[in-house]
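Chains P, L and S, in that order, are what the protein sequence lines are.
All letters in the first sequence, in the order written, are residues 1 to 568 by this note's numbering.
All letters in the second sequence, in the order written, are residues 1 to 313 by this note's numbering.
All letters in the third sequence, in the order written, are residues 1 to 296 by this note's numbering.
There could be a bad hint or two in this list.
Below, simulated DMTMM-like cross-link-like pairs (lysine to aspartate or glutamate); rule was C-alpha separation at most 25 Å, straight line [what the hints assert, rightly or not]:
hint : chain 1 : residue 1 : chain 2 : residue 2
1    : P       : 331       : S       : 44
2    : P       : 88        : S       : 73
3    : P       : 425       : S       : 73
4    : P       : 503       : L       : 69
5    : P       : 331       : P       : 478
6    : P       : 426       : S       : 107
Residues of chain P placed beyond 10 Å of chain L at every Cβ, according to the derived structure [to be verified]:
hint : residue
7    : 299
8    : 486
9    : 529
Which stretches of chain L does chain P cover? Using the computed rule of at least three CB atoms under 8 Å from a CB of chain P, they are [stated by the list, open to error]:
hint : stretch
10   : 141-149
11   : 257-269
Simulated from the structure, these hints should not be mistaken for laboratory data.
Since the model is a prediction, treat every value here as computed from it, not as a measurement.
Note that beta-carbon positions come from the ideal geometry of N, C-alpha and C, so glycine has one too.
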Amino acid sequence: MKLKKVKSLMVMALAGCMLISGCGKQPSPSSNSESGSSTQSEAGSSEAGGTDSGEVVELRYYCGGGEEDLFNNPVAQAITAATGVKLKIEYSISSDDQKIPLMIAEQDYPDLIFSDDGIVALVEAGALIDMTDLIEEYGPNIKRFYGEELDKLKYSTEDPSIYTLSSYGVGGVSYKTDGTMQMQWDVIKENDYNYPKNLEEYENMLKSYIAEHPATEDGLETIGLTLSAADWRWMITLGNPGFFINGGQQDNGQWYVDEDYNLQYHFFRPEEKEYYRWLNRMFNEGILDNEFPTQTHEDYVAKIASGRVLSIMDAEWDYWDAIKILQADGKYDKTYAVLPFTADESLKCASLMYRGLITGQGIGISTSCKDPVLAIKFLDYMCSDEGMILRHWGIEGENYFLDEEGHRYRTEEEIQWEQTDKDYKKKTGVGNYEHPFPRYGDGVVDPTGSTYTRTSRDAVIAEYNEEQRAACEAWNVELLVDIFPQPDEFETPLYSPSWAYAKTAEYEEIVQQLDEITWSGLISSVICKPAEFDAKYDKMLADLEAAGMSRAGEILGSIIKEKVALME
Amino acid sequence: MKVKKARADTIKKQHFSLKLMWKQRYLLCMSVPFVIWLIIFKYLPLWGWTMAFQDVRPSTFALSIWDREFIGFANFTKAFSDRLFTQTLINTLGTSILGIALGTFSAIFFAVLLNELRFIRFKKITQTISYLPHFVSWVIVASIAKMFLNAGGVLDTIAGTKLNLMSTNSMLIWVVICFVNIWKEVGWDAIIYLSAMAGIDQGLYEAAKVDGANRFQRMWHITLPGIKPTAIVLLIMSIGGALNVGMERQMLLSNGIIQDHTMVLSWFAYIRGIGNNNYGVGTAIGMFQSVVGITLLLIANKIAGWLGESRLV
Amino acid sequence: MRSSVRHRKNGVTAFDFILVFFFLLIIITTVYPFLNVLAISFNDPTDTMRNVNFIVPRVFTLSNYRYIFTEKDLMSPFIMSVARTVIGTLTGVICTSMVAYVLSRKDFYFNRFFTLLFVITMYVGGGLIPDYLLITRTLGLGNNFAVYIIPGLVGVFNIILIRSFMEGIPISLQEAAMIDGANDFYIWMRIIMPLCTPVIATVALFCAVGAWNSFMDTYLYARKLPTLQYVLYEIMEQATIKIDPHSANAEQLKNAVSPLSVRMAITIIATVPILVVYPFLQKYFVGGMTLGAVKD
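The shape of chain P in the complex, shown without the other chains:
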């Protein structure tokens, strides 16, 4: 996702390191100054199912953003027993892939590589092999696993190689979502559990609640809506809502893609201009927190935690700290309902839409790997049912059991253990090898009728707090997300979300500038006087054009068209 990339930039800078690349002299294997080199036993045959001589082969595996792991927990050992492969895991410390440029400069790659942002660089440097033939010959499980979406893994029409296996879940449903807007339960309850269906209702609900309750019990002023927009988070709270609240679908960064696959920055849509005009009015009337452009993220969280903020537009992981506090204080009615809010009843909220397999990031086999067949068989095993269950559930008889119908279940103790011990994954290996290896999404069911992942509908319902349960009753649903338009109401697009694609440098350079313009443009449009809004907003649009938006749109558009062509 774009914002993740920006965030990684920030994190990297904060870590104070600037790695500028240089060229390698001759591509000779260097004396590694980092951890280990791959050790390979001579006699290792490549049967997936153990080597003939019982030798275990070590494959170097680099995991961007991973953790130290000796690959000797029970699950790991079981994987080794089944594949004959032991992973020697290297990882990058920070969540950003600083090691990738170094790897490329030295031309020394681990056998398996996982990266998100670094894949582009690796492919361009020719570091990853094309797995198409290997999958054809040695990867029956991989084929079965991806099914029709296998072709989405191809890089481009020019280069239809499969470089990576996607690190995102295949299929599956979401039992939880962030929706487009979140509103306090208290506010909804005062409205008899009716939630707003358009901008006008939303505004009225906020205003009437504020009129009734101008301050919280602690004497703090009630705020209608606040946003965290002083850093890269503007994309989530300020930029994206404009799109999603106005019926936007697939997350393509800031792009709006029409039926002919022509692209434009979504801010050009007239309905969005009206949305931001509305936001501007909210700002000037004091409903939208006047401190939003400068407040720090900690301030933002503190405000939410105090229970004074009636609504927000954010992703849960971003304000989760505040929820913890509210729960600790027992203020469940000040926590938030996740809503399928749209600017108008006629628009559909697309939060639950299945966007298709997210490609472009994932695990690949490098050109330095001496035994790619072994590697593909390893990956194939990970895609098999046996491998999946092992990774998600653990060892039968230890981490899970089978009931009379053959369904998997876990004991209370096991569940408790996982919830209370933060090292559970490391100790048992259960859940430790999910991301970034290929896996199913939640809710996908195996031939025995049990889900592949440990998350199930019932588990989610069981965790609802009192507010959430009351809402389920009031709305007459079992699962809170049932109030959202369901996945089957949407068509899966032929192309996967574009934020994960490898894009050209020219594109990235233009988009970087577009984001800069959008950020300051949106903020100045929202905080100015209503009379100045049109001028400011239009200026932003003009600046975007001037900075090369059409060119960037063409580039991405052609990539998308290619992806579509690959699928047809």
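Use these hints to put chains L and S onto chain P, whose structure you have.
Just chains L and S, lined up with the frame of chain P:
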């Protein structure tokens, strides 16, 4: 009353001769190894500058220098014609000049006053505490600073009105950043001046007191001149670094409103360079900073010489 | 001494009080961020998010520190840090002052040339990867303790500092020694150095702090020889858990450690040793100020 120091102008110009080298053999032995060290560690890596003239991206990392595409000054043109470049340059210079001027002044002011403090224990404690912010990372300092400066923050509360310190998109933000920097660094920067003051012959103070000079006169005529050589030299060095003024602090203190005035060259080089996987441009900007920096340095050095002050080189 | 008696009679003036007041203000404003960091480090992470501005912990806890100390072994990195700091500072100070002395001798033939050579390097750099290749490939210093010492041997800024100080030493001293037949090395070691205590102490402080705080070189070149800072940095990065609330359970999330609190605790752990050592160095440059001033 000035102490006689070794001044460059009192040494007559020498001519190279082996005899001279032999005479200065100790000096040579004490310095040449380090010059070699310098060449290895500082000058050899400069081959990296060739990247400024090439198209360097992840796809071309692995090639050797000669194989990569040579694009002349294209990286430079690209950087200079960037939408943000001119403003960035202005921001950099503005922030630098303010920073150097105010920073130097405040460090000296701080050191001189601290020197005057009579109560030894208090002096020691003050000095120890004053450099603490230096160790606190910018991440933390920035968040504390924002707490003070933001709309609705501490300063606004004290002043009773909205000062808009962090939301005015103008040169005011340079001043604000400058002050935050001073707050963080003044204690640490003062250490250098304090140690310079410790090198002043204490007998001078005694003599001055005997002559009837009061405190301020002693400060003005003894302390300040005593640290002048150090101050000048530090000033020259700071001028050389004018274009390199930090990146971390601008990044952390910036927000959507004041962006236009917080972007500085180092940050710019970062986002247009590594941030775009375009190492050629990043190196080009870095080279630009170095070349201009050294030029400024040499000019400042020359001026100092004309003014009769001690020179850096 | 006669003059000190005179001072005591003159007593304390209004100016002194102004000074004290001024510095009290300074102390309060500069100690505040530090106290804030200290307080957050001892505060319960969840509670901290309510409001990050406080200097007294609201909900005292040692959990942040406990997390750090149990997450990784800190003892051997600590020893490694001490080793590199001590050795690095000693070698650095000696080498730097040696060069500084040579550059302070205006009669040295190569004086201007060498000075220029050194000074220029302060403003140029080929980038970190040429450095990386130099150290790991060309010189093969990867994972070698020497990589903590040799690349940072001489700091040009420090050379200039020491040189400035040395230039303030009366040349008559040196001339006298030369007449007596002393060689330059002897002069440097026996005559000049002892007179440079304040600046040497300052440079020693700079070198020590620099060595103590650095972790990038460990990250790039010497992962097998971790220093304290590097390990702390690792811990901090790993504390920034990418938890997706959608797939994690409520309990798991409750137990997740907040990166902010961990970062604060790390700052404290990293800074305390410096605070402990500093007073020993302080006397060398505060010392000069106490001569001729009132003794409390």
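Hints, one by one, checked against the model:
1. 331/P to 44/S: holds (19 Å)
2. 88/P to 73/S: Distance of about 21 Å is within 25 Å: holds.
3. 425/P to 73/S: It holds: about 20 Å lies between the C-alpha atoms, which stays within 25 Å.
4. 503/P to 69/L: holds (21 Å)
5. 331/P to 478/P: holds (23 Å)
6. 426/P to 107/S: Violated: residue 426/P and residue 107/S sit about 67 Å apart, past 25 Å.
7. 299: Answer for residue 299/P: violated, closest chain L Cβ roughly 7 Å.
8. 486: Nearest chain L Cβ is 36 Å from residue 486/P, so the label holds.
9. 529: The claim stands: residue 529/P keeps its Cβ more than 10 Å from every Cβ of chain L (closest is about 15 Å).
10. 141-149: Coverage by chain P holds here, the residue count being 3 at a Cβ distance below 8 Å.
11. 257-269: holds (count 3)
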